[in-house]
Structure formats: structure tokens, C-alpha cells
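Turn these sequences into a full structure, and let the hints guide you.
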Amino acid sequence: MNEFQEIFIKYKDLITLAVYGSAIMLIVIGLYAALVKKHLVKIVIGLSIMEAGVNLLFVAVGYIQNGTAPIFSPGNENSAAKMVDPVPQALVLTAIVIGFAVTALALSLVIRLYKHHHTANIDQIKSLKW
Amino acid sequence: MIAAAVYAVMQKDLLYAVLATGVISVVLSVFFYLLQAPDVAITEAAIGIALTTIIFIITIRNTSRDEDEYRDNHVEKF
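Note that the protein sequences, when read in sequence, are chains A and B.
Per the working numbering, the first sequence starts with residue 1, numbered consecutively.
Per the working numbering, the second sequence starts with residue 1001, numbered consecutively.
Simulated from the structure, these hints should not be mistaken for laboratory data.
Think of the CB as a built atom: it goes at the ideal place given N, C-alpha and C, for glycine as much as any other residue.
A portion of the hints provided could be inaccurate.
Pairwise CB distance ranges, derived in the manner of DEER restraints [said to hold, decoys possible]:
hint, chain 1, residue 1, chain 2, residue 2, range
1, A, Lys10, B, Val1026, 29 to 37 Å
2, A, Phe72, B, Val1023, 33 to 41 Å
3, A, Ile125, B, Met1010, 21 to 29 Å
4, B, Val1030, A, Ala80, 38 to 46 Å
5, B, Tyr1016, A, Met83, 18 to 26 Å
6, B, Asn1062, A, Lys10, 23 to 31 Å
7, B, Tyr1016, A, Val36, 39 to 47 Å
8, A, Leu35, B, Gly1022, 20 to 28 Å
9, B, Met1010, A, Phe72, 39 to 47 Å
10, B, Pro1038, A, Leu109, 31 to 39 Å
11, A, Ala90, B, Gly1022, 22 to 30 Å
12, A, Asp13, B, Ile1058, 37 to 45 Å
13, B, Pro1038, A, Tyr11, 16 to 24 Å
Okay, here's the thing in C-alpha cells:
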């Protein structure tokens, strides 16, 4: 843990840039997959990747430099000034669970569509067109 | 993580694409730990690696594994 934190403090600007860039790249890649791909499971994978990018962006926004985890432990009850923001973490913790439920619902709809149309390709499901 | 995401999007075999999303979740939980969010890291590791992969694999077992599979022989039924 200490080696991780030393590396993190030493290259903090570079790692912050890498985290924000990774979040934006994940959102863009997931959006591409959800918009361009034809297979229904690929579209759900794209939504899952996009959700991961949004979660990483929220946690990165709530982070402050050299902060500690927002946990009060015996011995350092007065360390609230150095803690990172716990509100985006609670939000992301809820969003991960909700995202899992949304993925499960979407995949159940994919299974129902496959059983009804015998294909998972959205070009061949005629009832999706209008 | 970006390489795993690109692999997950570009891979034609859906089983390997789903496993690549599991790799994304591993790296993402390490990032959450480095950003001082250990509870989010634990939740992401449990849900993103195990449960999401399991439900994707159940879906692939019930549907097709190949992305480019055009089931033209079943179209005449409708």
C-alpha cells in the first residue's frame, strides 16, 4: 500500500490526467459500441463500458490531492479536513448496483427477443423498425 | 483498461468480449482503490467481475456466441 501511495504522490499530475483520460475514453468507446454495433449483446456491453467510465469520472471528480479515505478510525478522529469527498463515492456505490440491475434487465430483454425472433441482430428484427 | 475496452468492442467472439469487460472491471477497481475509495473498489470487484460476467455468459449461452452470425434459415418462419 505504501509503495502504491508513494508512486501515486510522485506522479500525481500524470496519474490524474491518466484517470480522467481513461474515463473519457471509456465513455467514448462505450458510446461507439452502443451506437454502431448490430448485435444486441454487444450493445449491452457498450452500455456497461460507458457506465464504468461514468463511475470512474465521478470518483475522480471527488478526489482531492493527498487525501485519505473517508473512514473515521480510532486515533485520527480529527482527520476530516484531509478526506476525499465521500458524496460521489456513495453515489457511485449506488450507481454500480443500479447498473448491475439495469444490465440484468437489458440482458433478459435480449434473451426474450432472441427467443421470439431467433436472431440477436437488430437489422433482422423487423419489429424494431418503424 | 483502454486496450481491454477496445478489444471488448472489436472482438467478434462474444465470450472473449465479455471476459475483456471483466478485465476492465479489475483495472477499474484498482483505480478506485488508488483514488481512496476502498468501499467502491470492493463493490466494483464483486459486482463487475463476478456477477456481470456470469449474467453475460448466461445470456450468451441462451443466444448466439458469434457476433456476425446471420440466421437466414430461420427468417422464413415469420
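Do the hints match the structure? See the list:
no. : hint                               : result
1   : Lys10(A) x Val1026(B): 29 to 37 Å  : violated, 24 Å
2   : Phe72(A) x Val1023(B): 33 to 41 Å  : holds, 34 Å
3   : Ile125(A) x Met1010(B): 21 to 29 Å : holds, 23 Å
4   : Val1030(B) x Ala80(A): 38 to 46 Å  : violated, 26 Å
5   : Tyr1016(B) x Met83(A): 18 to 26 Å  : violated, 40 Å
6   : Asn1062(B) x Lys10(A): 23 to 31 Å  : violated, 49 Å
7   : Tyr1016(B) x Val36(A): 39 to 47 Å  : violated, 19 Å
8   : Leu35(A) x Gly1022(B): 20 to 28 Å  : holds, 23 Å
9   : Met1010(B) x Phe72(A): 39 to 47 Å  : holds, 45 Å
10  : Pro1038(B) x Leu109(A): 31 to 39 Å : holds, 34 Å
11  : Ala90(A) x Gly1022(B): 22 to 30 Å  : holds, 25 Å
12  : Asp13(A) x Ile1058(B): 37 to 45 Å  : holds, 43 Å
13  : Pro1038(B) x Tyr11(A): 16 to 24 Å  : holds, 21 Å
In summary, the structure is inconsistent with hints 1, 4, 5, 6, 7 from the numbered list given earlier, while agreeing with the others.
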